[in-house]
Amino acid sequence: MKKTTLSLLTALAAASALALTACGGGDETPSGSPSPGNTGGSSEAPAAEPVTITMSGWSLETTPEFQVLADAFHAANPDVTVEIKEYDANDYGTLMLADMSAGAAPDIITIKEAKALGQWVDGGQLLDVTDVVSGLASNVSGAGSYTIDGVNYAAPYRQDSWVLYYNIDLFAQAGIDPPDGTWTWDDYAATAKELTSKLGGPKGAYEHSWQSTLQGFAQAQTPGADLAGGQDYSYLKPYYERVLDLQDSGAQEAYGNISTNKLTYQGQFGKQEAAMMAMGSWYVATLLAQQASGEADSFAWGIAPIPQYDSSTTGTDKVPVTFGDPTGLAINAGIDESKLEAAKAFLAFAASDAAGVALAEIGIVSSVASDAVTAAYFGQAGIPADDLSKFAMSTHDTRPENPQSPNISAIQTALGEAHSAIMSESSGIDEAIAQATETIQAEIG
Amino acid sequence: MTTQPIASAQLSAQPGAVPTGRGQGRRRRSSLRWHNTLRGWSFIAPNFIGFAVLTLVPIVVLFYVALTKWGALGDPEWIGLDNFVKLFTRDPRFNTALWNTLYYTALHMPLTLAASLGLAVLLNQRIRGAAFFRTTAFFPYITSIVAIAMVWNLLFSPDYGPINQILRFFGVDNPPGWTVSSTWAMPAVIVVGTWREMGYYMLLFLAGLQTVPRELYEAARVDGAGAWSRFWHVTVPCLRPTTFFVTVMLTIGSMKVFDLVFVMTEGGPGRSTLVISQLIWQQAFVEGDFGYASAIAVVLFAICLILTIFQFWVNRRVER
Numbered sequence: 001m002k003k004t005t006l007s008l009l010t011a012l013a014a015a016s017a018l019a020l021t022a023c024g025g026g027d028e029t030p031s032g033s034p035s036p037g038n039t040g041g042s043s044e045a046p047a048a049e050p051v052t053i054t055m056s057g058w059s060l061e062t063t064p065e066f067q068v069l070a071d072a073f074h075a076a077n078p079d080v081t082v083e084i085k086e087y088d089a090n091d092y093g094t095l096m097l098a099d100m101s102a103g104a105a106p107d108i109i110t111i112k113e114a115k116a117l118g119q120w121v122d123g124g125q126l127l128d129v130t131d132v133v134s135g136l137a138s139n140v141s142g143a144g145s146y147t148i149d150g151v152n153y154a155a156p157y158r159q160d161s162w163v164l165y166y167n168i169d170l171f172a173q174a175g176i177d178p179p180d181g182t183w184t185w186d187d188y189a190a191t192a193k194e195l196t197s198k199l200g201g202p203k204g205a206y207e208h209s210w211q212s213t214l215q216g217f218a219q220a221q222t223p224g225a226d227l228a229g230g231q232d233y234s235y236l237k238p239y240y241e242r243v244l245d246l247q248d249s250g251a252q253e254a255y256g257n258i259s260t261n262k263l264t265y266q267g268q269f270g271k272q273e274a275a276m277m278a279m280g281s282w283y284v285a286t287l288l289a290q291q292a293s294g295e296a297d298s299f300a301w302g303i304a305p306i307p308q309y310d311s312s313t314t315g316t317d318k319v320p321v322t323f324g325d326p327t328g329l330a331i332n333a334g335i336d337e338s339k340l341e342a343a344k345a346f347l348a349f350a351a352s353d354a355a356g357v358a359l360a361e362i363g364i365v366s367s368v369a370s371d372a373v374t375a376a377y378f379g380q381a382g383i384p385a386d387d388l389s390k391f392a393m394s395t396h397d398t399r400p401e402n403p404q405s406p407n408i409s410a411i412q413t414a415l416g417e418a419h420s421a422i423m424s425e426s427s428g429i430d431e432a433i434a435q436a437t438e439t440i441q442a443e444i445g
Numbered sequence: 001m002t003t004q005p006i007a008s009a010q011l012s013a014q015p016g017a018v019p020t021g022r023g024q025g026r027r028r029r030s031s032l033r034w035h036n037t038l039r040g041w042s043f044i045a046p047n048f049i050g051f052a053v054l055t056l057v058p059i060v061v062l063f064y065v066a067l068t069k070w071g072a073l074g075d076p077e078w079i080g081l082d083n084f085v086k087l088f089t090r091d092p093r094f095n096t097a098l099w100n101t102l103y104y105t106a107l108h109m110p111l112t113l114a115a116s117l118g119l120a121v122l123l124n125q126r127i128r129g130a131a132f133f134r135t136t137a138f139f140p141y142i143t144s145i146v147a148i149a150m151v152w153n154l155l156f157s158p159d160y161g162p163i164n165q166i167l168r169f170f171g172v173d174n175p176p177g178w179t180v181s182s183t184w185a186m187p188a189v190i191v192v193g194t195w196r197e198m199g200y201y202m203l204l205f206l207a208g209l210q211t212v213p214r215e216l217y218e219a220a221r222v223d224g225a226g227a228w229s230r231f232w233h234v235t236v237p238c239l240r241p242t243t244f245f246v247t248v249m250l251t252i253g254s255m256k257v258f259d260l261v262f263v264m265t266e267g268g269p270g271r272s273t274l275v276i277s278q279l280i281w282q283q284a285f286v287e288g289d290f291g292y293a294s295a296i297a298v299v300l301f302a303i304c305l306i307l308t309i310f311q312f313w314v315n316r317r318v319e320r
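Protein sequence lines correspond, in order, to chains U and E.
Using the numbering used here, read the first sequence as starting at 1 and increasing by one per residue.
Using the numbering used here, read the second sequence as starting at 1 and increasing by one per residue.
Hints were generated in silico from the structure; no laboratory data involved.
All C-beta atoms in this analysis are idealised placements derived from N, C-alpha and C, irrespective of residue type, glycine included.
There's no promise every hint is true.
As the list claims (entries may be wrong) - Think about it this way: if two alpha-carbon atoms lie no more than 20 angstroms apart in a straight line, the pair counts; the simulated EDC-like pairs of lysine to aspartate or glutamate are:
id, chain 1, residue 1, chain 2, residue 2
1, U, Lys193, U, Asp245
2, U, Lys271, U, Asp297
3, U, Lys262, E, Glu218
4, U, Lys237, U, Asp297
5, U, Lys344, U, Asp128
6, U, Lys198, U, Asp248
7, E, Lys86, U, Glu438
8, U, Lys237, U, Asp186
9, U, Lys237, U, Asp99
10, U, Lys198, U, Asp245
11, U, Lys262, E, Glu77
12, U, Lys262, E, Glu266
13, U, Lys318, U, Asp336
14, E, Lys69, U, Asp122
15, U, Lys112, U, Asp122
Said to hold, decoys possible - Here are some chain U residues pointing at chain E (derived, C-beta under 7 angstroms):
id, residue
16, Leu97
17, Met100
18, Thr439
Turn these sequences into a full structure, and let the hints steer you where they fit.
Take a look at the structure:
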């Protein structure tokens with residue numbers, strides 16, 4: 001009988017423990033620790049005492065920028081330690097949303113995609129950091145992408161933009177002049193076709209399957225293009241006509257093959273399958289690393305400004321128009337009061353010249369445009385140091401890919417559907433754009 | 001099952017062992033009954049609590065969230081039936097997703113049913129290597145869906161894929177674009193879905209086949225019935241309970257299809273393979289509208305419920 005009672009109690013205790021664990025989780029997380037940095041006396045300590053703040057990051061092994069920023073800040077402010085909480089890069093937005101709703105998000109929230117900002121601000125998750133942003137130097141770009149109704153919610157620490165990568169060896173082999181900064185998209189298309197016919201194997205150009213690779217340029221460069229307006233997307237048409245022509249003529253890999261064979265842009269350009277490729281500035285660091293490791297072929301390459309809509313912005317005496325979203329840092333609205341000053345100081349530091357140099361040394365394009373940052377960036381081993389490459393990386397008018405609007409995600413989803421329909425040639429351009437416009441208007445309406 | 005005999009034995013043993021009054025015996029019996037009840041509850045508690053917290057509560061909450069505007073952060077804002085009004089009157093994407101889901105179900109369900117039944121009947125024969133073939137047929141079901149999608153996408157690749165190369169070899173000049181064609185993407189997904197799931201349902205049919213009495217086949221054979229006749233007049237009627245179960249499970253599974261479409265085509269090209277579950281995911285996790293996503297989920301739940309009730313009704317009529 002005693003045994004029976006004991007086993008009964010054990011079973012009940014196990015069940016209760018399970019219930020408590022299940023029900024108690026939600027209560028524990030807000031005050032509990034998303035990372036060790038949130039625990040212990042440091043979080044309660046007064047400002048003069050050492051403070052530990054936490055920051056979100058992703059793929060830490062291949063994305064060292066978070067640790068570089070944390071280490072540089074700690075070196076300048078020994079009382080403050082920044083600990084990084086790692087998230088999965090592919091599901092960053094979803095995981096952060098889950099952490100936010102559980103009250104378990106870190107003190108500093110990295111804004112990976114600007115289009116998520118609106119939802120997080122609406123949910124009251126981010127602190128107004130206008131005071132920090134207004135104190136940043138005038139050579140910091142990208143802060144506008146984080147402004148909603150005149151309030152700044154994040155400070156940018158890196159600002160990628162899209163440039164044209166080209167294979168100098170393949171151009172020489174074909175006997176064709178490489179880009180000189182004066183190209184419009186028509187020049188680019190004509191050269192891609194010429195390269196393809198002269199090279200005989202590699203294609204003239206590679207355009208990855210993302211909708212950004214086409215729509216980003218059309219949106220940024222076409223006069224009057226209004227992505228968030230939801231009324232007229234016919235400005236996409238000339239860009240699609242040009243690309244479909246390149247695809248049909250064999251001057252660039254077909255969208256169908258890219259998506260079904262899961263071709264990577266790193267493989268296509270790095271293995272010299274294509275002589276030119278429009279891609280974000282982040283690829284510089286990847287290509288340098290892959291050439292050093294042997295993962296990519298060894299060949300000479302350069303960077304040119306992205307081809308332009310028309311000749312009004314071409315030439316090295318003008319400022320080429322391109323697109324790109326910054327990566328920024330925001331502060332969790334639920335941050336402990338004792339950590340707030342340290343967090344704000346970290347945001348300001350990340351957008352400073354010192355942080356810009358530290359980031360440039362590992363191949364990251366900082367949001368700070370200064371001689372010191374440019375010198376550090378072009379000091380990397382193997383990076384093309386010609387004037388055009390320097391011009392392309394340092395001079396451009398970078399328009400946001402995702403301007404702040406409450407409907408931006410819905411708009412991008414509908415235009416993403418149009419992109420796959422047009423590029424796979426399963427829909428006509430006009431038909432796909434009309435369908436996307438109808439969907440967007442239904443969503444906005 | 002095990003507690004009942006022990007309890008009975010204890011109950012029958014008590015009166016003889018402890019000769020007490022009638023009231024005391026009743027108290028003891030009631031105490032034992034209480035103990036046994038508590039013990040039973042303690043056994044099911046872990047599972048029930050898990051089910052309640054992880055399944056039941058979210059389902060109940062879903063019906064409430066469907067009537068609100070909610071972005072997963074902050075408090076939901078009550079908007080009544082607005083989400084449903086938008087769903088049925090203003091959202092062209094929902095109509096497409098509903099149609100695509102019904103298209104997938106209408107083809108995938110009978111195809112998988114026929115393929116799994118055929119496989120089960122074939123592998124129920126005394127043939128050499130039957131166990132090997134059964135295992136092979138089951139493999140796709142336990143293989144990673146991402147790996148499956150990668151391999152099938154390569155097979156379906158319009159220019160380099162072996163499927164189109166074979167078609168070209170046989171003189172088809174313009175083979176389909178498969179997953180990058182709005183016409184052929186859904187059939188391609190259905191083929192892969194059928195290939196993946198037929199092994200699982202084959203196992204259910206194999207189990208069902210073991211319950212068919214051998215005497216019926218012998219009697220049919222004595223009466224001169226051929227193989228087809230034996231299958232149609234003995235196997236199929238005897239398998240009706242299994243077939244009904246498989247049909248219900250397949251219908252619900254097809255209506256809820258998500259992972260395969262997501263990893264193979266992401267709903268494209270355009271929205272030619274966009275299904276309801278993907279639309280729910282898109283609205284919730286891409287566009288951050290959990291209220292609207294919940295409303296779509298409620299509609300999907302209602303459709304599955306109606307289809308299942310209809311299937312039960314048909315089954316009952318056939319049984320009569």
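Hint by hint, here is what the structure shows:
| no. | hint | result |
| --- | --- | --- |
| 1 | Lys193(U) x Asp245(U) | holds (10 angstroms) |
| 2 | Lys271(U) x Asp297(U) | holds (5 angstroms) |
| 3 | Lys262(U) x Glu218(E) | violated (55 angstroms) |
| 4 | Lys237(U) x Asp297(U) | violated (36 angstroms) |
| 5 | Lys344(U) x Asp128(U) | holds (11 angstroms) |
| 6 | Lys198(U) x Asp248(U) | holds (17 angstroms) |
| 7 | Lys86(E) x Glu438(U) | holds (14 angstroms) |
| 8 | Lys237(U) x Asp186(U) | holds (14 angstroms) |
| 9 | Lys237(U) x Asp99(U) | violated (41 angstroms) |
| 10 | Lys198(U) x Asp245(U) | holds (18 angstroms) |
| 11 | Lys262(U) x Glu77(E) | violated (42 angstroms) |
| 12 | Lys262(U) x Glu266(E) | holds (13 angstroms) |
| 13 | Lys318(U) x Asp336(U) | violated (47 angstroms) |
| 14 | Lys69(E) x Asp122(U) | holds (12 angstroms) |
| 15 | Lys112(U) x Asp122(U) | holds (17 angstroms) |
| 16 | Leu97 | holds (6 angstroms) |
| 17 | Met100 | holds (6 angstroms) |
| 18 | Thr439 | holds (6 angstroms) |
Violated hints, in rising order: 3, 4, 9, 11, 13; the structure is consistent with all others.
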